[in-house]
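**Student:** Since the structure of chain E is provided, determine the placement of chain H on it from the hints.
Note that the protein sequences, when read in sequence, are chains E and H.
First residue of the first sequence? That's 1 in my numbering, and the numbers climb one at a time after it.
First residue of the second sequence? That's 1 in my numbering, and the numbers climb one at a time after it.
Quick caveat, the hints were computed from the structure, so don't treat them as lab data.
Do not rely on the hints blindly, as some may be mistaken.
Said to hold, decoys possible - Simulated pairs of lysine to any residue, SDA-like, Cα-Cα distance not exceeding 25 Å:
no., chain 1, residue 1, chain 2, residue 2
1, H, K19, E, P129
2, H, K19, E, R33
3, H, K19, E, R9
4, E, K45, E, T105
5, H, K54, E, D37
6, H, K19, E, R136
7, H, K54, E, G23
8, H, K54, E, K45
9, H, K19, E, D158
10, H, K54, E, G65
11, H, K19, E, A77
12, H, K19, E, V66
13, H, K19, E, K45
14, H, K54, H, V43
15, H, K19, E, R140
16, H, K19, E, R142
17, E, K45, E, A77
18, H, K54, E, A77
19, H, K19, E, D161
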Amino acid sequence: MTDFAGLIRALVDGEVACILVGGVAATIHGSARLTRDVDVVYSRKPENIRRVVAALAPFEPYLRGVPRGLPFRWDEATIVRGLNFTLTTTIGDIDLLGEIVGGGTFDDLRTNARPVRVFDRELPCLTLPVLIRVKRAAGRPRDLEVVAELEAIAEEIDRTDGRG
Amino acid sequence: MSRSEQPDVDRDPVIEAYKAGVDRTLIRERLARTPAERVDDLVALARFAEELRKAGIAARRAR
Numbered sequence: 001m002t003d004f005a006g007l008i009r010a011l012v013d014g015e016v017a018c019i020l021v022g023g024v025a026a027t028i029h030g031s032a033r034l035t036r037d038v039d040v041v042y043s044r045k046p047e048n049i050r051r052v053v054a055a056l057a058p059f060e061p062y063l064r065g066v067p068r069g070l071p072f073r074w075d076e077a078t079i080v081r082g083l084n085f086t087l088t089t090t091i092g093d094i095d096l097l098g099e100i101v102g103g104g105t106f107d108d109l110r111t112n113a114r115p116v117r118v119f120d121r122e123l124p125c126l127t128l129p130v131l132i133r134v135k136r137a138a139g140r141p142r143d144l145e146v147v148a149e150l151e152a153i154a155e156e157i158d159r160t161d162g163r164g
Numbered sequence: 001m002s003r004s005e006q007p008d009v010d011r012d013p014v015i016e017a018y019k020a021g022v023d024r025t026l027i028r029e030r031l032a033r034t035p036a037e038r039v040d041d042l043v044a045l046a047r048f049a050e051e052l053r054k055a056g057i058a059a060r061r062a063r
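Just chain E, same shape as in the assembly (with noise of 0.2 Å):
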C-alpha cells in the first residue's frame, strides 16, 4: 500500500518544486476514487532534479512494472535524460511527470496550482478546473467516469455559492 504521507512528506521536506495532480489533487478536490499513486509534475530545473534524486533516494526509487535488475540508475543524469518517471518505492508508487497533456510543465501549471495542506505540510494543488481539464485531455477510457465526478464536484461547490 502507498504511504501516501511518505511520499508527500519526502518531497515537501527535501524542498521539491512540484504540483499535485492525478488521484490525489481528486481527492483533496473531493474525489471519493481509491487512488494507488501519488502524481506529482515536478520542475525540470537542475538544483529541483538534484533535490528530488535525494528526497527520493532513501526510497529506492525503480520503474513501475519494469523487471528487476535492470541497469535504472536513480540519479541525476536518469532523470535529466527522461521526463515522466512512473516508479515504484520501498514506500509505494509515484509519477514523476515533467510535462502533462493538457497542461504542459512545472512552469506552465504553476499559476493553476493553490497551497494546500496534508500531513502536516503544505504543497501546490493543481486547481479543480484544470485538473478537470488535463483529464480530459489525458483522454483515455478510465478518465472519464473521472471527469464526470471532478465536474459534479465542480457544479456541487458552483450550486453551495450560489446558495450562499
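**Tutor:** Frame of chain E, contents of chain H only:
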C-alpha cells in the same frame, strides 16, 4: 470556484452519461470535509482495500 473558471469545452455525451450515475450525496459529504480530512479518508480507504486484498489471497490459499 465559479462556473466561469471551469474549462470552456463542449459537453461530452459520454461524460454526461457517466455524470448521471455520480453519487451527489457522497460528493456533498466529501465537500463538507477539509482537504486534509479527505486525504485521511483516502488513506483509510487504501488500508481497507489492502486488508480486503490480503483476505482474498488468504481465502484462495485456504481452498
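**Student:** Run every hint past the structure and note whether it holds.
**Tutor:** Evaluated hints:
no. : hint           : verdict
1   : H:K19 / E:P129 : holds, 16 Å
2   : H:K19 / E:R33  : holds, 14 Å
3   : H:K19 / E:R9   : violated, 34 Å
4   : E:K45 / E:T105 : holds, 11 Å
5   : H:K54 / E:D37  : holds, 19 Å
6   : H:K19 / E:R136 : holds, 14 Å
7   : H:K54 / E:G23  : holds, 23 Å
8   : H:K54 / E:K45  : violated, 41 Å
9   : H:K19 / E:D158 : holds, 16 Å
10  : H:K54 / E:G65  : holds, 20 Å
11  : H:K19 / E:A77  : violated, 44 Å
12  : H:K19 / E:V66  : violated, 36 Å
13  : H:K19 / E:K45  : violated, 39 Å
14  : H:K54 / H:V43  : holds, 16 Å
15  : H:K19 / E:R140 : holds, 16 Å
16  : H:K19 / E:R142 : holds, 14 Å
17  : E:K45 / E:A77  : holds, 13 Å
18  : H:K54 / E:A77  : violated, 38 Å
19  : H:K19 / E:D161 : holds, 20 Å
Checked against the numbered hints above, the structure violates hints 3, 8, 11, 12, 13 and 18; every other hint is satisfied.
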